[in-house]
Amino acid sequence: MTDGTLTVATDSPAFEPWFKNDDPSNGKGYESAVAYAVAQELGFDPSSVTWVKEPFNNSYKPGDKNFDFDINQISITPDRAEKVTFSDGYYTASQALVTLKDSPVAKATSVDDLKQYKLGAQTGTTSLTAIRNDIQPSQQPLVFQSTNVAKQALLNGQVDAIVADLPTAFYITAVQIPQATIVGQFQQQSGTPEEFGMLFEKDNPLAECVNLALATIKSDGTLDAFEKKWLSQTVNVPVLQ
Amino acid sequence: MSEPVETWQPSARERERQAVRRSLRRRALLVSTVATVAFFAVVWFGTVSSPGWPSVKSTFFNWDDAKAAFPSIWHAFWTYNVKLFLIGEVLILILALAVALIRQSRAPVLLPLRIVAVIYTDLFRGIPTILLVFMLAFGIPALNLQGVTNSLFFWGLVALVLSYGAYVAEVIRAGIESIHPSQISSADALGLSRFQAMRYVVVPQGVRRVIPPLLNDFISLQKDTALVGAAGLFDALFAATDYANFHFNFTSYTVVALYFIVLTIPLARFTDHLQHRAMERERQGAR
Amino acid sequence: MTHPMPDALLEVTDVRKTYGEKVVLRDIALTVEPHDVVCLIGSSGSGKSTLLRCLNLLEDVDDGVIRFEGREISDPRVDRREVRSRMGMVFQSYNLFPHLTVLDNCVLAPRRVHGVPKAEAEQRARDLLTQFGLADQADKHPDRMSGGQQQRAALVRALCTQPTLLLLDEITAALDPELVGEVLTIVRDLAEQGTTMILATHEMAFARDVATTVCFLDGGRILEQGPPAEIFTNPREERTRRFLARVLG
Chain A
179 MTDGTLTVAT
189 DSPAFEPWFK
199 NDDPSNGKGY
209 ESAVAYAVAQ
219 ELGFDPSSVT
229 WVKEPFNNSY
239 KPGDKNFDFD
249 INQISITPDR
259 AEKVTFSDGY
269 YTASQALVTL
279 KDSPVAKATS
289 VDDLKQYKLG
299 AQTGTTSLTA
309 IRNDIQPSQQ
319 PLVFQSTNVA
329 KQALLNGQVD
339 AIVADLPTAF
349 YITAVQIPQA
359 TIVGQFQQQS
369 GTPEEFGMLF
379 EKDNPLAECV
389 NLALATIKSD
399 GTLDAFEKKW
409 LSQTVNVPVL
419 Q
Chain B
2 MSEPVETWQP
12 SARERERQAV
22 RRSLRRRALL
32 VSTVATVAFF
42 AVVWFGTVSS
52 PGWPSVKSTF
62 FNWDDAKAAF
72 PSIWHAFWTY
82 NVKLFLIGEV
92 LILILALAVA
102 LIRQSRAPVL
112 LPLRIVAVIY
122 TDLFRGIPTI
132 LLVFMLAFGI
142 PALNLQGVTN
152 SLFFWGLVAL
162 VLSYGAYVAE
172 VIRAGIESIH
182 PSQISSADAL
192 GLSRFQAMRY
202 VVVPQGVRRV
212 IPPLLNDFIS
222 LQKDTALVGA
232 AGLFDALFAA
242 TDYANFHFNF
252 TSYTVVALYF
262 IVLTIPLARF
272 TDHLQHRAME
282 RERQGAR
Chain C
92 MTHPMPDALL
102 EVTDVRKTYG
112 EKVVLRDIAL
122 TVEPHDVVCL
132 IGSSGSGKST
142 LLRCLNLLED
152 VDDGVIRFEG
162 REISDPRVDR
172 REVRSRMGMV
182 FQSYNLFPHL
192 TVLDNCVLAP
202 RRVHGVPKAE
212 AEQRARDLLT
222 QFGLADQADK
232 HPDRMSGGQQ
242 QRAALVRALC
252 TQPTLLLLDE
262 ITAALDPELV
272 GEVLTIVRDL
282 AEQGTTMILA
292 THEMAFARDV
302 ATTVCFLDGG
312 RILEQGPPAE
322 IFTNPREERT
332 RRFLARVLG
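Residue numbers (this note's numbering), protein chains in the order written: chain A, 179 to 419; chain B, 2 to 288; chain C, 92 to 340.
Please keep in mind that the hints were generated in silico from the structure rather than gathered at the bench. Possibly wrong hints are sitting among the right ones.
[As the list claims (entries may be wrong)] Selected chain B positions facing chain C (Cβ under 8 Å, derived; list incomplete):
#, residue
1, 187
2, 190
3, 191
4, 201
5, 209
Note that CB positions come from ideal geometry on N, CA and C, so glycine has one too.
Construct the complete structure from the given sequences, taking the supplied hints into account.
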């Protein structure tokens, strides 16, 4: 990593609505916007920000990291926080259920209705934990390496419905699988809602600075503006209890 | 009938020689023990005194994480990996034998099949197995064909069988072709048909010859069952990956590795033993 | 010989065989009556093995006619398997199937080709094995036997199919000298029993004793042919004389 540049990592492909056109450096998409705003607060203008690719599975491996922080819809959990340092949360994620429009799952109105179906989610996501802890279906859920694979399985009928965080679910139904629909959203039953945080090497002091930056853009409304701009469709989704 | 009892005692010179040989052997034993201990000691200390060792130890060798990850890995292993390699191996052997025999045949009516067999062995040795798993598990169901299952397990199994079948077919073919042509002449001279010659003379011998490479491929298959994770099947490796992703700890990978090692070692030793025996037999000049 | 005799077992006329450019057999003419013992002698490469393989239809001839039991077998429409099931052939080595016991070796063809029931085939095999001193080898695998025992077993195997004609291709050539005798004894016994045989051999003393006809092959041709007394004591051709001088010492 070079002095004078901020190196930020994310996965490839970089999905909407967190990024746009698989290009983190264009400043479009919620996470891209947040990253550049934080960078600005830290004193880095856009030209001093470099992006690197870091697959999700690698982001927490031991040893020196080749990025300053990783922004990739990573949920903060106490267990994980022992191994790496997280910034404060920059987005509170609720989970949503996506299924094909003509599927019987589309008629579900409560979490209990979902127990009988074959559900799927991406590995390592809180979507998967949500299935296991909150829905507790009778069949083993299907676990996917990436959301792409989950979507194909849904189209093939190999899974009845998939769980993803709400903004991703919106993107799936709006753009990628028009014949799919969001059945509803739900919050985790267990305690505090999940938040996405930026991932740092353990005890990296930069996290403190980033937290100050985050506090600033939260209080001056920048973060809300980003949410409205990039994640605005996340209102008006029925809540499954 | 009584034979004279041999009364031979070693001479003094011979006793001297035996004593010298004994002490030479003791020395050799000492040297090899010291060398072994020293080697492993150096490797051990080199590893644990490296600067990153504490962090590697807690990431890869954490006992609590190992205990926590164990049940799901155990369950996944028996539900997927074991079934896949047991069922798979049987199907692979059947397919491979069929393909090898077809390639061997000379009957005109079988020409189209022979062409297919050649294309099959070339194509499926060319495609990486993991890619094949992915393409079949998600591609075939996407075609939405009537009556065709979209089960991930089924297509994962099919991918493994097709991929390994190609390699094993070539191994069996090599075994068949290694049989001395005189054996076929003998069979012909007895009036056996081509099929009978294959069935009773060539294939039994040919397959026996290539048992060590076949076992090697079986050992390889056991490992490659982990590739079905690419299709979302929650096998042992995927279970380990999942645990790691949640807890940001790699110990689950160490556990999975140990599983596979424990599974493989007996088979590897057995294969070595068989190969050793075959070598012995050949060196004795069986003919 | 241009008029085939009605009861000749085997009739070979003008046979020619080439491998690519090389002519290996030419102008081969031979008649074999039942109970004949024909010995083919000659140096290596003179075509003895090739001739035997052509008679057994293991090779195609490039010209000429072979008639066996009254019909032409060098016709491409003939079922070779059927012809071969009526002839027996033993090679120099690698005869027996190593993964089967001697008994299984012997019953394989009778059962699978001739449809003989298992019990009958085994009985016949054991009888023959006993006759030739191999009774206690019946349940052994070939690799446990000496070379002489293996070749004797190979002979028994060929006999189990009750062939009309026996072809033997230098069956003692790969054996240690002390084992040759036991194999030749069997061949002598078979000759005395009236088995029709054509054998390629280096064993001159044996040929002189047992053969009804001796053929000397040289450069792919039958240079000289006749009863052993004539060939061995009074050969017509110079090359025959030279060959015999070399091998008989």
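Query raised in the report: Broken hints, numbered, in rising order?
Result: none
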